[in-house]
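Asker: Chain by chain, the residues run as shown.
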Amino acid sequence: MSQADSTLEGHATGLSVGPAFSIPTKKLAMWLFIIADTMTFAACLVAYGFLRNGSADWPRPFHSITNVALMTFILLTSSLTMLIGLRAARAGDKAGAFRWTMITAGLGILFALLHVREWMGLIHEGMTLFKNPWGNGLFGAAFFSVTGLHLTHVTGGVIALLAVGVRYRGGRYNADDIEVLGLYWHFVDLVWMFVVPLVYLMNLAH
Amino acid sequence: MTTAEAGKSGGMGKDLVVYLCLLALAGLQFAIAFQNIDTSQMLVRMLAVAIVEAGLAVLFFMHLWTEKRGFAMFVLVFTIFVLLAMQYGWTDSTRMVVGAPFSK
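Sequence lines, in order, name chains A and B.
Note that the working numbering numbers the first sequence so that position 94 is 359, with each residue one more than the last.
Note that the working numbering numbers the second sequence so that position 15 is 435, with each residue one more than the last.
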């Protein structure tokens, strides 16, 4: 065996010791996506904070916390139902895992509908991307950008929940796929924990 | 998370406790919103609560607690670096409020 061959063989051996950090490749890919997506949301929230901090007449248009409190409760509960679905999948309870995944998707749809209802209310009050009746015109652009990005993630998550749930029931996906999707769903929930105080609670009309 | 790890992570009871903690912390954020304090204090308090919430979610809902230590450190260091790197602009936004001239 030449030196080149032995070097190549050693290299191949080094590559075949297993996936990075000894976790499945799909899960690692999802974690890397989540870290990258953290950058996206952090950039949006920092930009939002920059605008708010740099504006003397930042609007405070929210008179009630009922809607956002309900949305928060629904999203947190959907994380719990996702976990129950994962546990059912791990236990081999296919029907249970499918049912809880669909319940999670249903809660996601409910969250999205409440979100859209809130948007429509603000639009009816005269808020657009560049003007509003309360103060700095950039509020609309900042608000719709941050919450819109989050709503896009929720919508994507709901579609993924439906697709993965159906394919899991059909035997094409397994519990690992439910877990990877769960990581994404929990991340969407986690981001909401920062959106609520910055975008809603700090802009309550007192 | 393998089945063994699922057992190690404490079962459904632990998930429920974490869920209730998250609900309580979310409620605390709403309570802070009605405190009679200035905006910067409110921001600090709400972000502190949000960070605790995020930590609970990442460790227990996303099971980072049961992953390999090396991987958990990788995620932690990478995320902190990203969040710190985002903080360049704050001094400029304060300068916009007080009307100070931009440096030449």
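Don't read these hints as lab results, they were simulated from the structure.
Just so you know, these numbers come straight off a predicted model, no measurement behind them.
Ideal placement from N, C-alpha and C gives every residue a C-beta, glycine not left out.
Incorrect hints may appear among the rest.
[To be verified] To give an idea of the interface, some chain B residues facing chain A are shown, with a C-beta separation under 8 Å as derived from the structure:
no., residue
1, 437
2, 439
3, 444
4, 453
5, 457
6, 466
7, 485
8, 494
9, 502
Asker: Under the constraints set out in the numbered hints, which ones does this structure not fulfil?
Answerer: 1, 3, 5 and 7
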